[in-house]
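> Given next are the chains, with one letter for each unit.
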Amino acid sequence: MSATSSTIVNLPDQRTATLPKKNYINAEDGILSWLLTADHKRIGILYLITITFFFLIGGIFAGLIRLELLTPQPDLVASDTYNKLFTLHGIVMIFLFLVPSVPATLGNFLIPIMIGAKDLAFPKINLLSWYLAVIGGSFTLATMVLGGVDTGWTFTTPLSTHYLNTHVVTAGLGVFILGFSSIFTGLNIIVTVHRLRAPGMTWFRMPLFVWAHYAASIMMVLGTPVLAIAITLVALERTLHIGVFDPALGGDPLLFQHLFWFYSHPAVYIMILPGFGVISEVISTFSRKRVFGYTAVAFSSVAIAVFGFLVWEHHMFIMGVSNYSALVFSLLTMLVAVPSAIKIFNWSFTLQKGSITFETPMMYALAFIGLFTIGGLTGIFLGSLGMDVHLTETYFIVAHFHYVMVGGMLMAYLAGLHFWWPKMTGRMYPEAVSKLSAVVSFIGFNLTFMPQFILGYLGMPRRYHAYPAEFQVLNVLSTAGATVLGVGFLMPAIYLVWSLKYGKIAGNNPWQATGLEWQIQSPPLTENFVESPVIDYEAYDYEWLAHKTEQEVTTVG
Amino acid sequence: MSSQYHDPANVNNPEHAEHHIVGPGTYIAIYVTLLVFTGITVGAAFIDLGVLNPIIAVGIACIKATIVILFFMHVIYQSKLIKMTVGAGFFTFLILLTMTLTDYISRAWGRW
Amino acid sequence: MDNTIVATHDTHAEEHHHSLPQLRHHFETEQQQREAGTFGMWLFLLTEIMFFGGLFFAYLLYRNWYNPAFVAASNQLSIPMGTVNTAILISSGFFMALGVWAAEVRKQGLLVLFLLLTTLFGCLFLGVKYFEYKEKWEKHHIPGANFDISEFVNPPLNPTTHKPIEEPLSPDMAKKTQVFFSLYFVMTGMHALHMIIGIVLLGWLTWRANRGEFTEGYVAPIENFGLYWHFVDIVWIFLFPLLYLINRHPGT
Amino acid sequence: MHISPVLWQFLVKWLDASALFPQEASTIAPYTDALYFFLLLITIVGLVLVGALIFGFAIRYRKERNPVATQVEGSTLLEATWTIIPLALFLICFVWGALLYFRIFNPPTNAMNIYVVGKQWMWKAEHPGGQHEINNLHVPTGRPVQLTMISQDVFHSYSIPAFRVKREVIPGRYSTVWFEATKPGTYHIFCTQYCGTKHSGMIGEVTVMSPDDYKAWTESSTSGMSLAQNGERLFASMGCNACHSGGAAARGPNLAGVYGSKLRLANGSDVVVNEAYLRDAILNPSQHVTAGFAPIMPTYQGQISEEGLIDLVEYLKSLKTNYRVQQTLTTSESNQAAPMTPGVVKP
Ligand code: HEA
Ligand code: HEA
Ligand code: CUA
Ligand SMILES: [Cu+2]
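Same order as they appear, the protein sequences are chains A, B, C and D.
The opening residue of the first sequence carries number 1 in this note's numbering; numbering runs sequentially from there.
The opening residue of the second sequence carries number 1 in this note's numbering; numbering runs sequentially from there.
The opening residue of the third sequence carries number 1 in this note's numbering; numbering runs sequentially from there.
The opening residue of the fourth sequence carries number 1 in this note's numbering; numbering runs sequentially from there.
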C-alpha cells in the first residue's frame, strides 16, 4: 500500500546556534509572572518542578521500603510506619507524579505547539489545574506531617472507613483535589485538540503524541469523577458512618472497589498512553522514518481508551465478585491488551529501513519497548483468571506494575524530557553522562524488579513488612537494584539542572525532527508562532523536512 | 493547497454549527411541557402499577431530561461534536451501570 | 508550497469585523472561542454525569437489595414538598433559559431580571429543602448515632382505621432504611451543594450583567452557566422520582 | 580472590535455604504451574521476538550502515498478522485461565468442610469435630478440603502458595476455596489482603499429615464438643427451638433436612439452601422470607458471634429429623448439653 521513498537527514551544525533574545522564559520577570502566568509553556515548567519534587519524595519512600525489606526481620521501622511508607509511596507516585507526568508537563508544553495553536483553549483553567495539583499535593504533604495514612493507595473499605485512625480524610481530600486537577488538564487538551488546530492540521496530520494525549484525556474526563465520588463516600462513611460501604449496616464494601477501579484501571492507561505518544515521536525521529502504520497506532490509542473502561473488575477477581462476571472481565482484559501489542510491533517496524542513531531519548525509548513488553505480558498472567488466583496480592503484581509504570512510563517520560529538553530550555543536556544514566537505570531497574516476579510466584505477599527468611536472597538483590536505580534517576536531576547554565546551545531543531514544535525557535516565543502556521505536510514527513533544509541551505549559502 | 484548509469562519467544519438564538416562545412551550410531565409522573405514582411504576417514573424523567438537554441546553441546535459528547457521557454512565451489574446480578447465581 | 510558516492574516475572513474585547489572543474568531467554551463546559458536565453516576448506581443496587426498606423510607418523604420543589426548580431553569435569550438579544434589564428570578427560585428550592431536612432531623432520620428505626418497626396507627399507616418492617429490614436515608442525604446534599455553588456564581454574574458586560455580544459566561444550571435541574429531575415517587403506596 | 571460609559457609547456607520455585503440594498446583509455564513461554517468545526485531533493526539499520532512510507507510498484511496472532494467544490464555479458575473455585461435593474465621490479625480454624486452632490448619493428604471462610472485620485473604490457592475472606459473607493436599509437610499461610497494622503478622502454617496422623491429631485435640453440638446448645439457648420445633403448630418452618433443599420464597424465587443461605437467614431473615410464613423471625444480628453462627449452621446442616429439636425443648430449661446422638458429625 505504501509509496516508498528515501530520505537523508543530517543533524544541523550546532556551533552556529544561538539563543533567541526573546522567548517565553525571559518574556517577563519575577516570581509573580510565573505564578500568575497563563502561558501553557510556563505552566508546563511549573508542573515539571512540582512533579520532580514529588518524585523525589516518593523515591525516598521507595528507598525506605527497600531498606526495610533488606532483611526478613522487621527491624528498620515499625509495621505501622512501613504501612504508611508504601501507602504514601503509592499515592505520591501515582497521583502526584505519574498521572500528571507527561500530560501536564510535556503535553502542556507541546500540544498547542504541535497543532499550531498559540495556547491551550483555557489558559486560566490550565493555571487553575496547576494550583489544584499544588493544593492536593499540600494535603498529601500535610498528611505526611500530621502522621501519615496507612490505607494502601487503594483505600480499601471497610479498612479505610472503620478500622484505621490515621489521616484518611486528609489524604482522600488530597486525592479528590488532584483528581480535579487532572480532569481540567484533560478537558483542556480535548478542547484544544478539537478547536484550536491550525489551518491544514487535519486529524490525520496530528503527531501521534497528540492522539495519545487525546485518548488519555478522554479517560481523565470520564473516569476521574467516579474516583471523586468514591473517595467522597469514604470520607462520609468515616465521619458520619452513613453505611453505604459498611457490611454491618447493609452496605457492600465491594461497591467501593467497583467505583474505585472504574477509575483506577483507566488510570493506568491514563498513565501509559501519554508515554506511548512520547515513544512514537522519539522512535520516529531517531530512525528518520515515519511511524509504521500511523493510523493503526492512532486508533489503537483510542481503542485502549474505550476498552480501558471495560476491564476494571480484573483487580477484584478473588474478592468475592461473581465468577461469571469475572469471566467477562477476563475476556475483555485480553482484548484490551491487543492494541498495546499492535503498538509495540509498529514501533519495532518503524526501525526497519530507518537510519538509526542512539541518542539518549532513543536509548530510553528502546528500554521502554523491552520493559513494557515484559510488564504488559505479565499483565496477561494476571488477567488470566486461574493464574491470578495464585499471583494476586503478591510481589508478582508489584513487579508487573513497576515494569509498566517505571520501566514503561517513567522511561518514556525521561525519553520525552531529554528529547524536548533542548526545546524547553534552549540548551542540550550532556550526552555522554545522560547515556550512562540511561544504562544505569536500565540495569538497576531490572535488578530491582525482576527478582520480584520470582518472589511473587513463590507467594511473597505484597505490603508485607516482614517476610519468611527463604525470600531474603531475592529481596537483597532487589534492594541492591533499587540503589542502582536511585543513582540512575538521581543523575538526570543533577545534570539537567547543570545544563540549564552550561549546556550547549541547542538551536531550533537539533534532532532534525519533523514536528511543528521543532520548526520554531527554542525556547519558543510566548505566542509560540510569529504568524499562524498553515500545515501542508503529514506528520513525520521527512521528505518535506529534507526538502526544507535543502532550501534553507541554499538560501543561506 | 494550504488555503483550502484555512477556514476561520469554520463553515466547513463538521464540529461547527450555525449559532441559533432560541426565543422565549420555545422556552415557554418547553416549560409548560416540563410542568405537565411533572404532574403526570406524580399522578402515576399514586396508581399502583406494580413493576411499571418505576419504569414509568424513570421513563418520564428521561423524557424530561432529554427535553431540557435538547432545548434549554440548545443541544438540538449544536454541532455533531456536542451531540456526540453528550451521548458519550450517558453512554459511559450506562457502561458503569451495566458492567457493574454483571457482577451483582450473577453473584447470586447458584447461591440465593 | 514548501514553507509551513506562511502569513494568514490576509485570509482573515472577518478582518473588518469589530472584535470583542473578550476575544482571547489564541482564538482566531469569536465564534471559535464561543464554541470552544461550550464544548469545554459540556466536557465538564460529563464529569458531573459520572460523579452523580456513581451515586445513582449505589441507589439502584441498594434499592434492589432492600426494596421494602426503601419503599417504607421513601414514604417518609413528602410528595407535595417534592413536587413543589420540582416545579420551583423547573421555573428557575426556565428563567435561566430566558436569561440566555435576553443576553443574546442584548436586553440588559431583562437579563438582570431573569438572573434575579433564577436566583430567587434557586433559593426557594433550598428553603424548601431546608424544611425537609429539618423534618428528618426531628424524626431522627439522619443516619448516624441518632438514627431511629422504631417508626418503621412499629408504624403509628391511622387514627380512623386503627391500622398501621404503613406495613411494619422487621427490625433487620428496618435497619436498612438507614441506607436509604444515607443515599438520600448524599444525593440531595450533593445536588444542594451544586445549587449553592450555582447561586454564588449567579450573584457574581448578576453583578456583572448589571454592568452591561454580557449584553454587548459576549454571552458565553451566561450561556455556559446556563448549561451548568440546567444540568443541576436534570439531576433533580431524576432524583425526584427515584427518591420520592417510586413504589409508594400512598393509599395506606 | 580469597573468601573467608566462614563467610563462604554462610553464603552457601543462605543460598541453600532460599527458594526459587514454590513447592507443589496440592492437586491444583500442577495445573497452575502448567498454565504458568505456558504463559512464561509466551512471554519469552514475545520478548525474544520483540528483542530480535529491535536489536536486529537497530544494528542493521544504524546510521553508519544505512545513512538513507526509506520511508514506508505501513503494511496491512503485517499489521493484521500482529493483531491476530497475539489476540489468538491471549484468547488461549483466557480460556485456559478460566478453566483453571473454575477448577479452583468449584469444590468437589465430597469435600470435608473446615471453617475459617479471619480477624485482625489472626486466623481461626474450626473443624467440624470441634477442634479449634489459631494460625494453623491441620489437613490430611488425599482428601479434598473445603474452607468456608468469613471475616469479622475487614477484608483478609487466605493464601497457601504451596497449594496455589487463595481466596479473599470477606466481612459479612462466606467465601469458599478448596484444595487437596498431596505432600505431608508444613506450608505457609499468608494473609495477602492488606488489613491494617499487623497485616504481615497474620501468617500461619498448614500442617499436612497422612490420613492416619490426621486421625490421631483430630482425636487428640478435640475440645470435646463438635461444632454441631455447640450449635445445638445455641439453638436451644437462643430460643430458636421455640419457633422451629418442627411441630405442626410451630410458627417457623421445619428445619430438618432444610440444608441442600430447594426453598420457594415469598417473592416467588427459588433458592438452594447452602451455608451462606443459612447464615443469612439467621441474620437477615426478612430478606428472604419462605413462602407460607410471616416475616416474624427476629434478626440475630449483633447477638451472635461468627463462631456461634458457624456452630448453628453446622447444626442445621446436621439436622435430619426433628427428634433432637423436641429433645432440646425439654432439656433447654435445665440448660444442659443435649444428649449425644450417634451419627451427627464425624470429621
Ligand atoms: C501504567 C500502568 C499499567 C499498565 C499499562 C497496565 C497494563 C496491563 N495490566 Fe496492569 N496494573 C497496574 C498498572 C498497569 N497495568 C497497576 C498499578 C496494578 C496494581 C494495582 C494495585 O493493586 O495496587 C495493575 C494490576 C493489574 C491486574 C490486577 C491483578 C490483581 O490485583 O490481581 C491485572 C489483571 O488482569 C492487570 C492486567 C494488565 C493487562 C492485561 C495490561 C495490558 O494493558 C498490557 C498490554 C501489553 C502487552 C500485552 C505487551 C505488548 C504485547 C506484545 C509485545 C505482544 C507479545 C507478542 C506475542 C505474544 C507474540 N494489571
Ligand atoms: C509511578 C509509580 C511508581 C514509581 C515510579 C515507583 C518507584 C519505585 N517503587 Fe513503587 N509502588 C507504586 C508505584 C511506583 N513505584 C505503587 C502504586 C505501589 C503500591 C502501593 C500500595 O501497595 O498501596 C508501589 C509499591 C512498591 C513496593 C511494594 C511495597 C509493598 O507492597 O510492601 C516496592 C517494594 O519494593 C516499591 C519499590 C519501588 C522502587 C524501588 C521504585 C524506584 O523506581 C524508585 C526510584 C527512585 C528514587 C530512588 C528516587 C530518586 C533518587 C533519590 C531521591 C536518591 C536517594 C535514594 C536512594 C539512594 C535509594 N514500590
Ligand atoms: Cu489479614 Cu492481611
Ligand atoms: Cu487494571
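Hints should not be assumed to be uniformly reliable.
To be verified - Partner residues aside, some chain B positions facing chain C, computed with beta carbon under 7 angstroms:
#1 Ile-21
#2 Tyr-27
#3 Thr-41
#4 Pro-54
#5 Lys-64
#6 Val-68
#7 Met-73
#8 Thr-85
#9 Phe-91
Rather than coming from a laboratory, the hints here were simulated on the basis of the structure.
No experiment lies behind these values; they were computed from the predicted model shown.
Ideal placement from N, C-alpha and C gives every residue a C-beta, glycine not left out.
> Hint by hint, note whether the structure agrees.
Right, here's what the structure says about each hint:
1. Ile-21: Cβ of B:Ile-21 sits 5 angstroms from chain C, so the hint holds.
2. Tyr-27: This interface hint holds because 5 angstroms falls under the 7 angstroms limit.
3. Thr-41: holds, 6 angstroms
4. Pro-54: holds, 5 angstroms
5. Lys-64: holds, 5 angstroms
6. Val-68: holds, 5 angstroms
7. Met-73: B:Met-73 check passes; min Cβ-Cβ to chain C is 5 angstroms, inside 7 angstroms.
8. Thr-85: holds, 5 angstroms
9. Phe-91: violated, 10 angstroms
Taken one by one, the earlier hints fail for this structure only at number 9.
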